[in-house]
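A.B. asks: Chain residues, written in single-letter form:
Protein chains: 2
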Amino acid sequence: MTMEKAIAFAQNNRDRFLRDLQELLQIPSVSTFSEYTAETQRAAEWLLYRLLKLGFEARLLPMDGPQIVYAARMHPDPKTPVVLLYGHYDVQPAEPLEEWVTPPYSPTVRGENLYARGASDMKGPLMAYLAALESILATDSLPVSVKVLFEGEEEVGSPHLADALKKHRQLLSCDAVLNCDTLILSPELPTIVYGLRGLAYFELRVETAEHDLHSGLFGGAIPNAGQVLAELIAGMHDPQGRVTLPHFYDDVLPIEPDERAELARVPWTEKDFIAQATALGVIGEEGYTIVERIGARPTLEVNGLLCGFTGEGSKTVLPARAMAKLSMRLVPDQKPERVKEQLEEYLRQRAPAWVKWDVIDLAGSPAGIVRRDTPAMQAAIRALEAAFGVRPVFAREGGSVPVVSWIQDILGRESIMMGISLPDDNLHAPNEKLHLPTLWRGVEAYIRFFYELAK
Amino acid sequence: MTMEKAIAFAQNNRDRFLRDLQELLQIPSVSTFSEYTAETQRAAEWLLYRLLKLGFEARLLPMDGPQIVYAARMHPDPKTPVVLLYGHYDVQPAEPLEEWVTPPYSPTVRGENLYARGASDMKGPLMAYLAALESILATDSLPVSVKVLFEGEEEVGSPHLADALKKHRQLLSCDAVLNCDTLILSPELPTIVYGLRGLAYFELRVETAEHDLHSGLFGGAIPNAGQVLAELIAGMHDPQGRVTLPHFYDDVLPIEPDERAELARVPWTEKDFIAQATALGVIGEEGYTIVERIGARPTLEVNGLLCGFTGEGSKTVLPARAMAKLSMRLVPDQKPERVKEQLEEYLRQRAPAWVKWDVIDLAGSPAGIVRRDTPAMQAAIRALEAAFGVRPVFAREGGSVPVVSWIQDILGRESIMMGISLPDDNLHAPNEKLHLPTLWRGVEAYIRFFYELAK
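The listed protein sequences derive, respectively, from chains A and B.
Under this note's numbering, think of the first position of the first sequence as -1, with each following residue one higher.
Under this note's numbering, think of the first position of the second sequence as -1, with each following residue one higher.
A couple of the hints might just be wrong.
Identical chains share a label here; the pair holds if one copy fits it or two copies do between them.
[As the list claims (entries may be wrong)] Calculated pairs, SDA-like style, for lysine to any residue (alpha carbon to alpha carbon, straight line, at most 25 Å):
no., residue 1, residue 2
1, K333, E284
2, K354, T308
3, K354, P237
4, K269, D13
5, K77, D138
6, K354, D422
7, K354, E97
8, K338, G309
9, K354, H245
10, K333, G53
None of these hints come from the bench; they were simulated from the model.
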């Protein structure tokens, strides 16, 4: 009965929750660029203030990077389960700005969606946590103890988080973890993600001369940094779509037959997937379905290229330097450190003697998989089924949420991942959006999860 | 005797000529960027004023692009030969600025060299023309009729010059053309360039989706614009260093045995060439010497690459678009229009169906070759031998001077190319310089050329 009251409160307060979310989305908390440091801090303080208003003990944990918003509201009965809510308040850069229909930090509702940088990844989910907590607290007391860990550097690979988890292990101790930084496959299909890819992100720099040269006077006889970078990148895949870094697949766990069957239940058609991506076709590793390629197989991607003259018009320069941002999505049991060695070994084998190269680490996290049979997982299944009217599917997701592995290793707890971000939400891209009906169902599911967990 | 007086005058006025050159070099007349239009105009006016002071009839020819500085000082005897001096007052962009030891538009003498953008290409040579003319006029009258054509858009491929030559064919009629926008192989080795490569410059754009995507959610199954661009570029050369565009070599005139012998006289060692380029090795087409690769064989170069995220840090984007600036250096009888067809044919054959591509023309000019046995060429040989004490070598140069072909086609005159730019002058690169002893020998050679031509 009390749970139903909380759900009704949430329904009746949607307009206000939406306004609150729009306020948070106006803060450009871009962790990638140092000039946004003050804005990132402002987002942390906004959340801190909200949690204090909800009666949580809350504070910012001192960090080398953006601060962690920590909060707790403990149940009087110490035997009540403790759930830790994980989230991040930083967002990806909004560039290229000219591709946004409405400005990235002017949240705008069009149809059933709210458009803004961070709407889906993941200020919307943060707001769903807060709305669920407020709805319960307005009508009841919390049925479980709740702790909050909202970080501000997820989009740059959470470089300081593992140390913070170690340092505050006691403070963050819990029985279950809820992490909604994952996808829901469709508005009608509640989704529990049980596997996440890891990430190894590098900058590869090549240099062929001390400075740029005249392409007429030296072209055809002196190496071209852009050309050699293109050749090195082209060689990183074979015609079967496999990554050619030496030993790249040595640590990759094969997909078991029962898992292939489970993944085959994910209702993606190639046509829908291409349409979602606004692309013209699919590529990938031979012998695997799209769902397997995205969730259960490793990849190597070019994230950026920069070389020579890129301005308006023409400049007949023979470039001396070229740079690529390269990242690999990892699956169990690959490790970022090993992948770096594999990339360096590839370069030792393939780069000509007349090229200097350097590999710079930018971010890294291992892949993660969680069990599907824990009590917290059962509570999540029941909550989702009740809120959506459909039994959830289990999926492996292509993205990386390094905190899942770290929490598992450091706090000893597996994360329940039931996000509200749709595959076509334009995450990390222009015109990021949040599907509002899914947000509201998410709020209900999270309310139900707290109650189910207490049973 | 009068010629000796002019040469003495030039020697006695070097300091002033140098100061004048430094004044001209302070004007950032970058034709590539529209924001420098006013500066480019200022350089034209500076030259106009100098020519008027030398008693020339001078004016700016109205143009769609930067204006041509035209001037003439005709000999009283209409049978006297008319020599047309060609030059350009625009310069390449100076970027990357941080690599300059002293700022590009603050001309600075260090040792025997003057450092500034345009010092060698080609405000130094322009000043050599002016110094030669002034030295003769201060001590004698001009032994030949002299016309001047200084253009302001050479560094962007002279898009309006051919039309201007057609329109002003009568005004520019002449018996010989002097064009010093070419190399001298060493300060001790006067050089006459008789062959120049042409240029075909394109921007290649590829697109694989409507917008950038999340590399975790789509990577491994949706095409990556950076990856496909790298693969397309890598495929443009075969392992023997030959360009793979279909029919690329069909129009290439082979190098004749006597020409190979002449080119073999050019005293470049691989080691010196590598050192000049500040590189670590050489590459190129199998079966040809470095001198042949640079002067007599066509090439394909990457001039720039831009794709995805290139800022500080990491962004896990799957780029939807990528761009390459690509240019081909052409040799007789290749034509830029044909090369564009060949590039498009390559893309039709090689680009996957899921990539949209577009080729944008940025600049183009055919290659050129001139005869070595004309009277004007004989005058140039005598002038250089007297000024340097060494018989000049004949060379084919890798750069493109489209005006040479156009003057040949439209005005019916072959150009005498005896420049004073050394191979290590950092043309089109940071720390461009001019070797001052070579400048002064050039001034003497040009004075002598006018007198030799009158004989």
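A.B. asks: So, for every hint listed, does it hold in this structure?
C.D. replies: Taking the hints in turn, this is what the structure says about them:
no., hint, in the structure
1, K333 - E284, "within (23 Å within a copy, 42 Å between copies)"
2, K354 - T308, "both (22 Å within a copy, 20 Å between copies)"
3, K354 - P237, "between (27 Å within a copy, 20 Å between copies)"
4, K269 - D13, "neither (36 Å within a copy, 74 Å between copies)"
5, K77 - D138, "within (19 Å within a copy, 110 Å between copies)"
6, K354 - D422, "between (41 Å within a copy, 22 Å between copies)"
7, K354 - E97, "between (36 Å within a copy, 18 Å between copies)"
8, K338 - G309, "between (32 Å within a copy, 21 Å between copies)"
9, K354 - H245, "within (23 Å within a copy, 34 Å between copies)"
10, K333 - G53, "neither (41 Å within a copy, 77 Å between copies)"
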